[in-house]
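These protein sequence lines are chains W and H, in that order. Just so you know, we're using this note's numbering here: the first sequence kicks off at 1 and counts up by one. Just so you know, we're using this note's numbering here: the second sequence kicks off at 1001 and counts up by one.
Hints are computed from structural coordinates only; laboratory data are not their basis. Keep in mind that a hint or two might mislead.
[To be verified] In silico SDA-like links for lysine to any residue, alpha-carbon gap of 25 Å or less:
1) H/K1367 <-> W/G230
2) W/K115 <-> H/L1260
3) H/K1343 <-> H/S1384
4) H/K1367 <-> W/K32
5) W/K32 <-> H/Q1280
6) W/K115 <-> H/E1324
7) W/K192 <-> H/Q1311
8) W/K115 <-> H/R1255
9) H/K1343 <-> W/P167
10) W/K32 <-> H/A1283
11) W/K218 <-> H/R1333
12) H/K1367 <-> W/F198
13) W/K106 <-> H/A1297
14) W/K106 <-> H/R1255
15) H/K1092 <-> H/R1115
16) H/K1367 <-> W/Q201
17) W/K115 <-> H/K1343
18) H/K1367 <-> W/V24
19) H/K1343 <-> W/K70
20) W/K192 <-> H/A1246
21) W/K192 <-> H/S1384
22) W/K143 <-> W/K218
23) W/K218 <-> H/G1327
24) W/K115 <-> H/A1246
25) W/K115 <-> H/G1327
26) W/K115 <-> H/R1259
27) W/K106 <-> H/R1239
28) W/K115 <-> H/D1243
29) W/K106 <-> H/F1313
30) H/K1367 <-> W/T202
31) H/K1367 <-> W/W194
32) W/K106 <-> H/N1293
33) H/K1367 <-> W/K70
34) W/K115 <-> H/I1245
35) H/K1367 <-> W/V207
36) W/K70 <-> W/D36
37) W/K115 <-> H/D1286
38) W/K192 <-> H/K1111
39) H/K1092 <-> H/K1111
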Amino acid sequence: MRQGRSRVWAWGVSMHILIMEDDVAAAEAMMKGLRDSGYEVSHAADGEAGLALARQGGFDVLVVDRMMPKQDGLTVVSTLRREDDRTPVLFLSALGEIDDRVTGLKAGGDDYLVKPYAFAELIARVEALSRRRETGGVSTTLKLGELEMDLIARTVHRAGKEIDLQPREFQLLEFLIRHAGQSVTRTMLLEKVWEYHFDPQTNVIDVHISRLRGKIDKGFDHPMLQTVRGAGYRLDA
Amino acid sequence: MRLPALVRTTPFRLTLLFMALFATAAAALLAYIYLATAGEVTRRADQDVGREISSLQAIYARAGVTGLNQGLVERTSDERRFLYLLMSPEAKPITGNIAMTPVDPPGSEAKAIFRISATDPDGGVTHHRAYGRQVRLGGGELLFVGADIAEGDGYVVRTVRALWGAGVLIILLGMAGGFMVSRNVSRSLAGLKAVVASVEAGDLKARAPVRGVNDEYDDLARGLNAMLDRVERLMGGLRHAGDAIAHDLRSPLTRLRSRLEAALIEVEGGRADATESLSQALADTDGVLTTFNAVLAISRLQAAGQIPNPQTFDPSELCAGLAELYGALCEDRDLEFSAELSKGLRVRGDRDFVGQAMANLLDNAVKYTPPGGAVMLRVRKRSSGDVEFSVTDTGPGVPDEDRERIVERFVRLENSRSLPGSGLGLSLVRAVAEAHGGRLDIDEGPGVVKAGFGPGLRTALILPAV
């Protein structure tokens, strides 16, 4: 764990997460984990309290349980969206109905995580959502250290040397570079790069990562694409 | 105040409403007929009186006051058809069969409706309505002629009476009809009400009687019964799902528990590292969760019996992604991978579930085919129009007699026990197939292709044509 390191905005305020979860034990574990990762965390134990807190503003990500007393998560989020609050929302759901994910996203959620989840998965998704706001403006090139991607010409260079990538490898690298410095899990890659919402038993993603690694890291002085044990992968400068 | 049950029924209330509407309409009709008839009586009297006045004026013109006077005396002596009164210019009576003019003021030319008394042959006195007109003659004398309109009035009264009678009769018949209709409706609904009450009390087996007359109550009863059939099936499915989950999770949880217990003893005795034991326990928990998710998905699909929000999608597009995902994996494991995907097909269902099913079939093929073998993914339209997603491998295959069994939950054949897997992969594929109204076919693969390979296995998810 990156204990003690604080996740901060450019002007030095640490990122603030609001957790709406009625299961106190689960909420406490989540809060501890997020605080250890450098986030500031607030907690609401029911939908009404959560909505009231969220309305005060100042949160970077809302983690919302679907089923809560007083007001359920869907209602809370759709209320916030109606009030034009665009704070990214990560829905948590106990194994629900077959089409739960779709209803969650329709209500205005940005991402969806089914309970029980691996903690690394939660952190990775919260991290991805909290960063999303920072990237303002549409740029046609992405840069990370020696690595440069041209999104229009679909070319990739590392230290000036052109790297030939397959279309899917290009998408994979684009996702990693947009989330540079964050752990991304295999499930996230499967969902966001391949747009598949199911779990293959074999780790099909690993093969693709190792191919990409072979192309962007082989023959260079330091590896950029890291494997994060128990979590997934991370692209660093 | 509580009204009797019958009065509270909708048909009875509707009947009352219609009765009220009818009564209003009848009253309006009555009023119209009365006004029309009564007016007609006066109009006719006016015509008669007018003619009489003309004829009297002719006598006056011919014979003067004296002639008229004589004529009037003659007329009044015969028959009492008209009422006459001849007056001097100062309105003093000269001749006539009434004592004074009912016109007011007596010296004016006007029309009047007035009452007269008549003596019946048996001595009783009756009052009649009469109509009259008064004119001034050439020499200034006043002539009044009136007519008894009792006969016309009698007609009006009889008509009105008849109408009242008919109205009352109709209202009585309507009430009786309403009463019968309500009773009939109440009887027809009684069976349905009884079923609703039984179901509410928890008896899902109750069914409404269908009387076989094919009216709307029978339709309703059939609809209700069909709904209850479905509810009962779903409830059964859910109960079965619950039992299955409890049963399926007991053994992996028991295994996890004993491993944790063993690890605790080892760690306490200093023979094992706590971190390693915890990692192992975490991995085991993940295994239980995977099993749990698969069992739940299977049970839900089986209980629902259909896909909740079906969408139409292109199977070749879904499989192209899978081909790419698994193609790389096959290459990594020294398996020859090929994909044959027919374009432009349409499938209706849940893309994620079909994707999961295909991933399971591909996982199996990759898992059981030794390096050097081949895996093929194919999407095509069958001659029946159904869409077939198939995965063929050159692994050892499954003996004919075991093919039915491997689809059952947790059934794993001897030679596969050492490989990872929950034993639920094919069960989920079949649940997905059935929820889409399709099926899972398992056949032999391409046969023995070379030494050590084959006969292989061909698994196919077949979904009905859109």
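We went through each hint and held it up to the structure:
Of the supplied pair hints, the one linking H/K1367 and W/G230 holds, its CA atoms being roughly 23 Å apart against a limit of 25 Å. A distance of roughly 22 Å separates the Cα atoms of W/K115 and H/L1260; the hinted pair therefore holds under the 25 Å criterion. Of the pairs offered as hints, the one joining H/K1343 and H/S1384 holds, with about 17 Å between alpha carbons and a cut-off of 25 Å not exceeded. Only pairs whose Cα atoms come within 25 Å are accepted, and H/K1367 paired with W/K32 is rejected, the gap being roughly 39 Å.
With a C-alpha separation of about 23 Å, the suggested pairing of W/K32 with H/Q1280 holds against the 25 Å cut-off. In summary, the hint linking W/K115 to H/E1324 is not supported, as the alpha carbons are separated by about 29 Å, beyond the 25 Å threshold. Simply put, W/K192 and H/Q1311 have alpha-carbon atoms about 20 Å apart, close enough for the 25 Å limit, and the pair holds. Distance restraint check for W/K115 and H/R1255: the Cα-Cα separation of roughly 22 Å lies within the 25 Å cut-off, and the hinted pair is therefore satisfied.
Of the pairs offered as hints, the one joining H/K1343 and W/P167 holds, with about 20 Å between alpha carbons and a cut-off of 25 Å not exceeded. A threshold of 25 Å between alpha carbons decides the hint, and for W/K32 with H/A1283 the separation of about 22 Å falls inside it, so the pair holds. Under the criterion of a C-alpha separation no larger than 25 Å, the hint pairing W/K218 with H/R1333 is consistent with the structure, at around 21 Å. As the CA atoms of H/K1367 and W/F198 are separated by approximately 18 Å, the hinted pair is consistent with the 25 Å bound.
Note on W/K106 and H/A1297: the hinted pairing holds, with a Cα-Cα distance of about 22 Å set against a maximum of 25 Å. Between W/K106 and H/R1255 the alpha-carbon distance is near 40 Å, which puts this suggested pair outside the 25 Å criterion. At roughly 21 Å between alpha-carbon atoms, H/K1092 and H/R1115 fall within 25 Å of each other, so this suggested pair holds. Between H/K1367 and W/Q201 the CA atoms are separated by roughly 10 Å; this keeps the pair inside 25 Å, and the hint holds.
The straight-line distance between the Cα atoms of W/K115 and H/K1343 is roughly 37 Å, outside the 25 Å bound, and the hint therefore fails. Pair hint H/K1367 plus W/V24 does not hold up; C-alpha atoms about 42 Å apart against a cutoff of 25 Å. Annotation: proposed proximity of H/K1343 to W/K70 is violated, straight-line Cα distance about 50 Å (limit 25 Å). Pair hint W/K192 plus H/A1246 does not hold up; C-alpha atoms about 34 Å apart against a cutoff of 25 Å.
Of the pairs offered as hints, the one joining W/K192 and H/S1384 is violated, with about 36 Å between alpha carbons and a cut-off of 25 Å exceeded. Pair hint W/K143 plus W/K218 holds up; C-alpha atoms about 19 Å apart against a cutoff of 25 Å. For a cut-off of 25 Å, the pair hint linking W/K218 to H/G1327 stands: about 22 Å separates their Cα positions. With a C-alpha separation of about 18 Å, the suggested pairing of W/K115 with H/A1246 holds against the 25 Å cut-off.
This hinted pair does not check out: W/K115 and H/G1327 have alpha carbons roughly 31 Å apart, beyond 25 Å. Proximity of W/K115 to H/R1259 is assessed by CA-CA distance (about 24 Å); at most 25 Å being required, the pair is judged to hold. Of the supplied pair hints, the one linking W/K106 and H/R1239 is violated, its CA atoms being roughly 31 Å apart against a limit of 25 Å. The suggested pairing of W/K115 with H/D1243 holds, with an alpha-carbon distance near 21 Å, which does not exceed 25 Å.
Between W/K106 and H/F1313, the direct Cα distance comes to roughly 20 Å. Compliance with the 25 Å bound is thereby established for this hinted pair. Using a Cα cut-off of 25 Å, the hinted pair H/K1367 and W/T202 holds, with the two alpha carbons roughly 9 Å apart. A threshold of 25 Å between alpha carbons decides the hint, and for H/K1367 with W/W194 the separation of about 22 Å falls inside it, so the pair holds. At most 25 Å may separate the alpha-carbon atoms for a hinted pair to count; W/K106 and H/N1293 meet this at roughly 23 Å.
Distance hint between H/K1367 and W/K70 is unfulfilled; the C-alpha atoms sit about 48 Å from each other, more than 25 Å. With a C-alpha separation of about 17 Å, the suggested pair W/K115 and H/I1245 falls inside the 25 Å cut-off, and the hint holds. Restraint check: the Cα-Cα separation between H/K1367 and W/V207 comes to about 15 Å, which is no more than 25 Å; the hinted pair holds. Using a Cα cut-off of 25 Å, the hinted pair W/K70 and W/D36 is violated, with the two alpha carbons roughly 30 Å apart.
Among the hinted pairs, W/K115 with H/D1286 is consistent with the structure: their alpha-carbon atoms are about 12 Å apart, no more than 25 Å. The suggested pairing of W/K192 with H/K1111 is violated, with an alpha-carbon distance near 102 Å, which exceeds 25 Å. Between H/K1092 and H/K1111 the alpha-carbon distance is near 18 Å, which keeps this suggested pair within the 25 Å criterion.
Checked against the numbered hints above, the structure violates hints 4, 6, 14, 17, 18, 19, 20, 21, 25, 27, 33, 36 and 38; every other hint is satisfied.
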